[in-house]
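Chemist: Listed here are the chains, written in short residue letters.
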Amino acid sequence: MKRLAQLFLVALVGAAFFSCGDPTIEIDDAYEPKIVVEAYVYPERPVEKIHITRNFPLNERLDLSTFIVDDATVLLDGAPLVFDAATQSYKDASGALAIDYDTEYTLEVTATIDGVELYDKATTRTPKAGFEVDQSDMGTVKYGDEIVYTYTPSDGTDFYAASVIADSASVETFIYDNNYFPTEEGDFDETGINRWVIQYVIDLNIDYTQPKISKEIEGTETWFYGPYTTVVYAGDDNMMKWLMTGKNVQQMDGNFLEPRMEYFETGDAIGVFGSAIADTIRFRIVP
Amino acid sequence: MQRITRTALFVVLAFVGARAQTANISGFVYDASNGEALVGANVYVNELQFGASTNLSGYFVVPGVPTGDYVVSCSYVGYESQSEKVTVSASAENSITFELAPQEVTTEEVVVTADSIRTSEKLFVKEVSKMELTLEQINRVPQAVEADLLRTLQTMPGVTAVSDFSSALYVRGGTPDQNLFLMDGADVYNPEHAFGIFSTFNTNAIKKVEISKGGFGAEYGGRLSSVLDVVNDDGNRKEFEGTVNVSMISGSATLQAPMGDLGSISASFRRTYIDQTLAKAIDDIPAYYFYDGNVKAFFDLGRNDKLSVSFFTSKDDLDMKPRSDDENAFEFDYNWGNMTGSANWRHIFTDQLFASFWLTGSRFESDMELEIMDMYEDNYLSDYTFKAALEYYPSQSLNLKFGGEQKLFHEMYKFDTDFNYVDVENNKQLSTLYASSTWRPTPLWEIDLGARGYMFSDPDTTIMNGEPRLTVKYRLDEFSSVKAAGGYYHQYMHRIPRLFLASIWAGASKHVPESSGIHAILGYQREVAGVYQLELEAYWKHYKNLFTFNEHTGVDAPPDGYDERGRPMYTDLENIFLKGNGNSYGVEAMLRKDVGAITGWLSYAYSRTLHDFPTINRSEEFPPRHDREHVVNAVANFNLTRLFGDEPTSKTDATWNFGTSFVFASGQPITTAGSAYFVSSLPDQRDLVFDDKSVPNYTLYPGEINDYRMPPYMRLDVSLTYTKNYETWTLEPYLQIFNVGYRRNVWYIQYNEKLEDGALKQEVENITMLPILPSLGVKIKF
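Those sequence lines, one after another, are chains A and B.
Be aware that the first sequence starts at 42, since it is given in this note's numbering, and climbs by one per residue.
Be aware that the second sequence starts at 1258, since it is given in this note's numbering, and climbs by one per residue.
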């Protein structure tokens, strides 16, 4: 029995040695080249800012100037779009493409990335006419007071999203004594601005048969004093899927899940091709 | 040759039995120290090479014994074996009561002798894929801070964990919701405390634990993977007894007392005290605590009638308010818990007909409130059950089990925010009947054939299913046997798992059908050197209609209507699950020793699990997160006093115990980010992103689902326990060191970015699990 114990003791020392350390992770090359699309069409507006870029592998240095794909073949309903160097995006140079309400449009993209020819297409249906916000200038609001905007929905569109952008975000205008993450002055610097400057609010599955819809901009969307610009969108299904799932790909335990991008037909493209009606609100937050 | 001899013996006995007068040997097995009935003790008639196991009452019956003189042996893990001579007479009662003494001061290694039950026989009697643990074994396995039932089970082959932060059991590729947890006969729906770190079972109150990893008999059902049956102490019938345990996070007490001739009562309570200590001193530690407690009364109403009534409750309470001085500040309140009650009447109609009736209630509820965002969640599942289980032993070669149960479920889920409102409330019923027979055509063979039938109904749908079950055992020789088992299983309750939040249970419905599974198991068992148990098993499982939470529920679920505030309302769980199928297969090997100065087990498990969901991984098969190919466990307890010191001679001697637990497991599969790209959330945000000085707002795109394996998980835990027995009480201080090698096992990967010379560099950061965690505690028994 004592011999067995001695044997086990040796094994135990081995196990202790074996179970020490700091395991290293080397992520396999899971990279596959994709066309990245960021494109929206708006009724009664010109076709522009159709961004075609590429994805890039992780753990590799990337020159940001190389990810814009300027030699893609981009067609909207069969009509070619051209690359505009000023906006680094594609547009309808002819001005002949008219975007209407409640109409389907198909975007096709062909591009060669990392030597691989990729092709994909997606279709969007523009919302019906009718959407508009009631009050474009909401004036000045004291921090902590309710900020509510009201809009008329488009018939058949149950998804609305609004960007909330602090126009003069800075270290000086940050609301240090906020109700959520009170911060000491000095603990917030310029690198944190990007994290808080852009927020958005979502209205999902709203009752579009109602004549008016009200939506509150919560305190979690306003982190700076000063002027704000809010663009409210009546979005199509593609925009909804992108906004609800496109960046919501990491669970709390770090594991990834797939976004819902089934509007791209071949899987060679990721991103979004959607349509929307946009309207703008402005307001100012003061202490 | 021996096989032929046995067969001949059986034929002779059967022939003699048919001619000669026969009678039954029946009786009870108790713990001599406290009068507790011992469940699962082995009773064996040496001359017949035949025996029986005790049931929940400690009752056994060996039917159809030809009249004559016999030696009947009784054994139970952790107790001294005992033998009694009995003269079986057709006119007498032939009743035996064994009172087994705990092996606390036993100094000898158990030696196989003519009057004790062989290890091989105990292995043969054991059901396929079943493992048993006693309170002593659970307490001797070193853990994080304090003994934990579920974490101990995670050290058995075929049972795996996903992380240090989870006590959930993944049995042979199944998910935790596929495990049936029974406490004194009542279903427990959420067996976890502290977001999964601890289990709700207070180990000081446990009498016996059995886990069946698959192929279980017709008396169990309603889950696809496993059954964990926990029986709590009835209470000391001889004298007042108590155990107090103080660890670094909690205190617990268990008290037991006789109630005269009527029976006994037992009560346990455990509570953490972080909220009263560290949380008061350190602002960043939230006010969190959990407690659990149970009371069990046992009434001995005579030889033929036993009644036990038990009640269990547990609660977790979290109150987070970083700025307690500001009433408008962020505050998060969350509490959840179980409550179960059961009454169990056990009746011996005749020596050969035993019945057990339960009336149980179980309720799991959770309640969450985030006031500053006007978000409230309220959820519960109630389960009221009546069940009956009867056992009939007409002869040695045949025994029958049959019974049924009727369950009433009431499920409720409410989620209330400014944006939407979920209100789901249902009543459902599950009616079950089962029957099985165990047939021993010769002493070499044992065949268990059973069936179970269900009718599940709610106001919109009725589902009926049948399940065949089969187990075959065959003795190869006096040392070894082979077993095979198979069955069809159904599950009607589905769980929505949520990380760090309590799960939500939902019954099958017209939108969410029942799940089903098939098990096929082949096993080989062998006694080695008298006291070692060697078990090898291979299994294959197929699952149909597996459900996983749809992380993009909001996109897929159209509202069922709108409330007066215009908020979308949801009144069913139609789109909350994704549905798929799956397969698991594997082999397991375990060498186990339950007696002597060194006890424990060494095990290896190989397993693979693949899921197939049409909406995940582009419809390609993928391994789920809990898939681990190779797992090695080595668990040992050394009685140092017996190994290296003088043999203890009396109960007042002190003993030292050294416990170790080592685990090696293949890394978990995870989904990594395959690439990154730039797309703004909303169109007007794009310009802002790209003219910034700091890192642009990029998005990660996943690679293939769970295609990457994390580094292997390894951990060594040790414990040192000193036990000093005084005249009337025992002092037991202990030291436990979790992860003594301080291995930084990876929990998940975080991606960080930085700009270098205008270029973006991604870096991988490991988020690790628990570090080395020493803890002290003391247990006092009186």
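Honestly, the hints are just simulated from the structure, not real lab data.
Watch out, some of these pointers could steer you wrong.
[What the hints assert, rightly or not] Now the in silico label distances, taken between C-beta atoms and shown as ranges: (1) B:M1630 to A:P252: 19 to 29 Å; (2) B:R1966 to A:D228: 35 to 45 Å; (3) A:L48 to B:R1966: 27 to 37 Å; (4) B:I1629 to A:R323: 17 to 27 Å; (5) A:D294 to B:E1341: 30 to 40 Å; (6) B:V2035 to A:L48: 23 to 33 Å; (7) B:I1629 to A:D294: 20 to 30 Å; (8) A:E158 to B:D1635: 30 to 40 Å; (9) A:G62 to B:E1341: 32 to 42 Å; (10) B:H1887 to A:D63: 54 to 64 Å; (11) B:D1518 to A:M293: 39 to 49 Å; (12) A:T181 to B:D1635: 35 to 45 Å; (13) A:D155 to B:I1629: 42 to 52 Å; (14) A:P64 to B:Y1789: 26 to 36 Å.
Where is the CB? At the ideal position from N, CA and C, for every residue including glycine.
Chemist: Run every hint past the structure and note whether it holds.
Modeler: Verification of the hints:
no. : hint                          : verdict
1   : B:M1630 to A:P252: 19 to 29 Å : 27 Å, holds
2   : B:R1966 to A:D228: 35 to 45 Å : 39 Å, holds
3   : A:L48 to B:R1966: 27 to 37 Å  : 32 Å, holds
4   : B:I1629 to A:R323: 17 to 27 Å : 26 Å, holds
5   : A:D294 to B:E1341: 30 to 40 Å : 56 Å, violated
6   : B:V2035 to A:L48: 23 to 33 Å  : 32 Å, holds
7   : B:I1629 to A:D294: 20 to 30 Å : 25 Å, holds
8   : A:E158 to B:D1635: 30 to 40 Å : 55 Å, violated
9   : A:G62 to B:E1341: 32 to 42 Å  : 56 Å, violated
10  : B:H1887 to A:D63: 54 to 64 Å  : 21 Å, violated
11  : B:D1518 to A:M293: 39 to 49 Å : 56 Å, violated
12  : A:T181 to B:D1635: 35 to 45 Å : 39 Å, holds
13  : A:D155 to B:I1629: 42 to 52 Å : 47 Å, holds
14  : A:P64 to B:Y1789: 26 to 36 Å  : 34 Å, holds
In this structure, the hints that do not hold are numbers 5, 8, 9, 10, 11, in rising order.
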